[in-house]
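**Student:** If you read the protein sequences in the order shown, they are chains A and B. Numbering of the first sequence is given in my numbering, commencing with residue 219 and proceeding in unit increments. Numbering of the second sequence is given in my numbering, commencing with residue 219 and proceeding in unit increments.
Source of the hints: derived by calculation from the structure; they are not laboratory data. All of these numbers come straight from a predicted model, not from anything done at the bench. There may be inaccurate statements among the hints.
Identical chains share a label here; the pair holds if one copy fits it or two copies do between them.
Claimed, not checked - Calculated lysine-lysine pairs in the DSS-like style (CA-CA distance at most 27 angstroms, straight line): (1) Lys387 <-> Lys376; (2) Lys242 <-> Lys270; (3) Lys387 <-> Lys221; (4) Lys245 <-> Lys376; (5) Lys405 <-> Lys282; (6) Lys405 <-> Lys226; (7) Lys245 <-> Lys404; (8) Lys404 <-> Lys282; (9) Lys376 <-> Lys242; (10) Lys387 <-> Lys220; (11) Lys405 <-> Lys387; (12) Lys242 <-> Lys387; (13) Lys245 <-> Lys387; (14) Lys387 <-> Lys270; (15) Lys220 <-> Lys282; (16) Lys282 <-> Lys242; (17) Lys376 <-> Lys270; (18) Lys226 <-> Lys387; (19) Lys270 <-> Lys245; (20) Lys226 <-> Lys376; (21) Lys405 <-> Lys245; (22) Lys282 <-> Lys245.
Protein chains: 2
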Amino acid sequence: MKKSFGAKTLVFPTPVWVVGTYDKDGKPNVMSVAWGGICCSLPPCVAVSLRKATYTYGNIVERKAFTISVPSEAHARQADYIGIVSGRNTDKFADTGLTPVRSALVDAPYIGEFPLVLECRLLNTIEIGLHTQFVGEILDVKAEDSVLGERGLPDIEKVKPILFEPEIKTYHGVGRLLGHAYSIGKKTR
Amino acid sequence: MKKSFGAKTLVFPTPVWVVGTYDKDGKPNVMSVAWGGICCSLPPCVAVSLRKATYTYGNIVERKAFTISVPSEAHARQADYIGIVSGRNTDKFADTGLTPVRSALVDAPYIGEFPLVLECRLLNTIEIGLHTQFVGEILDVKAEDSVLGERGLPDIEKVKPILFEPEIKTYHGVGRLLGHAYSIGKKTR
C-alpha cells in the first residue's frame, strides 16, 4: 500500500557535490549541492541548481564556469560545513583547511583533496523557480590515482561518494556491488 | 596526483530511475535512466534527460507527463532489462511481470511494485545536445508503508535505491549512515 507525501523534492539517490567558483575579486569559494545530475552525453554536460541568494550564483553568472569536486566519505564533515555557511561571510577554504586548485581549463577552482573533479564551462542557464539550473559542459574529469580501479577508471568503491537524503537529511555511503549494467537484465525473460 | 580522463559523463553518484509513460495508443511503457536529478525546490521539480531516439521521448512530448519509479535492490535485474530493450518492440510490463498503475494526477503510469514513486507534469523541455532534458513538476511522491522510517518518511536504507556507475557500468546499493546533514559540519571549525 502506497502512502502519499505530496509535492516534495523527495527521491533517492541525490548526490553531495561541491561546486567551486571564483568571486569577482578572485577569491575561491565552494558550496555543497544535492540538486544536480548528468543531463547530456554529447556534449557531456552536468546540471546543478542553485538559489539566486547563494554567493556561488553570482560567481557562475560572472565567470561562466564552475567545477564539481566530489567528496569522499572522509570529507563528509567538511562537505556539510561547506553547505552550511556562505562564502559571502567567510573563506571556506581557510576554515576547512582544503586547498583551492586553479583549473587550467576553466575560470574556477576545485578542491585538491577531493578524489574526483569535473571542470565545466557554463553552457546554459535555465530559470525554473526558486532554483536556477546551470548546465555545464564537462571539459575534463580528473581523479586521484588512488581511486582508480578496473580498466584504470575511477572506481565508485574507492571514490566513496556521499549520498544525501533530502527529507530525513542524512548522509550515506555507497554499498555493495549489485551487478553489471546491460548484463544482469538479460536474464529477466 | 590527479589523472585526466577527458570530457566524459563520469561522476558519482548517478541514480537508476525508471521513467513511466503512455504511448499514443495508451500502452504503458518504462525506461531506465541515469541522467537526472532534482532541479528546483519550489515548485518541486525533477529533470530527466533522454535521447530523441527513445520511445519514451515521443511519449513525454505527446502526453506532457511522466512518472519516476525508484527501483529497490531487489529490482536490479528488472531495472536493467528495462534499460536494455525498447518499448517500441516489446511490452516491458508483460516481459518483467511488473504492474502498471495509472496515476490519478498525471497522464502516465508508474510501477506498482517499486517502493518510491514521483508523479510529474511536464514543465519544461530543454534541448542540450544528444539528450533532451525534461523538467517535471513533482505533483506527488508516494511510498510503500514498508519503506517508511524516522518521522514516517521514506527511509533510504529501506527503499534501497540503486546507484549507476556510468563508466565501469555497474550497479551499487546504498551503504552506511555517515551522519546528519546541517549538523556534522558544525564541528569543523
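**Student:** All hints, please: hold or fail.
**Tutor:** Results for each hint:
no.: 1; hint: Lys387 <-> Lys376; result: both (24 angstroms within a copy, 15 angstroms between copies)
no.: 2; hint: Lys242 <-> Lys270; result: within (16 angstroms within a copy, 39 angstroms between copies)
no.: 3; hint: Lys387 <-> Lys221; result: within (20 angstroms within a copy, 33 angstroms between copies)
no.: 4; hint: Lys245 <-> Lys376; result: neither (31 angstroms within a copy, 42 angstroms between copies)
no.: 5; hint: Lys405 <-> Lys282; result: neither (46 angstroms within a copy, 33 angstroms between copies)
no.: 6; hint: Lys405 <-> Lys226; result: neither (35 angstroms within a copy, 30 angstroms between copies)
no.: 7; hint: Lys245 <-> Lys404; result: between (51 angstroms within a copy, 23 angstroms between copies)
no.: 8; hint: Lys404 <-> Lys282; result: neither (43 angstroms within a copy, 31 angstroms between copies)
no.: 9; hint: Lys376 <-> Lys242; result: neither (36 angstroms within a copy, 45 angstroms between copies)
no.: 10; hint: Lys387 <-> Lys220; result: within (22 angstroms within a copy, 31 angstroms between copies)
no.: 11; hint: Lys405 <-> Lys387; result: between (37 angstroms within a copy, 17 angstroms between copies)
no.: 12; hint: Lys242 <-> Lys387; result: neither (32 angstroms within a copy, 40 angstroms between copies)
no.: 13; hint: Lys245 <-> Lys387; result: neither (30 angstroms within a copy, 38 angstroms between copies)
no.: 14; hint: Lys387 <-> Lys270; result: within (22 angstroms within a copy, 35 angstroms between copies)
no.: 15; hint: Lys220 <-> Lys282; result: between (44 angstroms within a copy, 24 angstroms between copies)
no.: 16; hint: Lys282 <-> Lys242; result: within (12 angstroms within a copy, 41 angstroms between copies)
no.: 17; hint: Lys376 <-> Lys270; result: neither (34 angstroms within a copy, 34 angstroms between copies)
no.: 18; hint: Lys226 <-> Lys387; result: within (14 angstroms within a copy, 30 angstroms between copies)
no.: 19; hint: Lys270 <-> Lys245; result: within (19 angstroms within a copy, 41 angstroms between copies)
no.: 20; hint: Lys226 <-> Lys376; result: between (32 angstroms within a copy, 19 angstroms between copies)
no.: 21; hint: Lys405 <-> Lys245; result: between (54 angstroms within a copy, 24 angstroms between copies)
no.: 22; hint: Lys282 <-> Lys245; result: within (15 angstroms within a copy, 43 angstroms between copies)
Consistency note: the structure conflicts with the earlier hints numbered 4, 5, 6, 8, 9, 12, 13 and 17.
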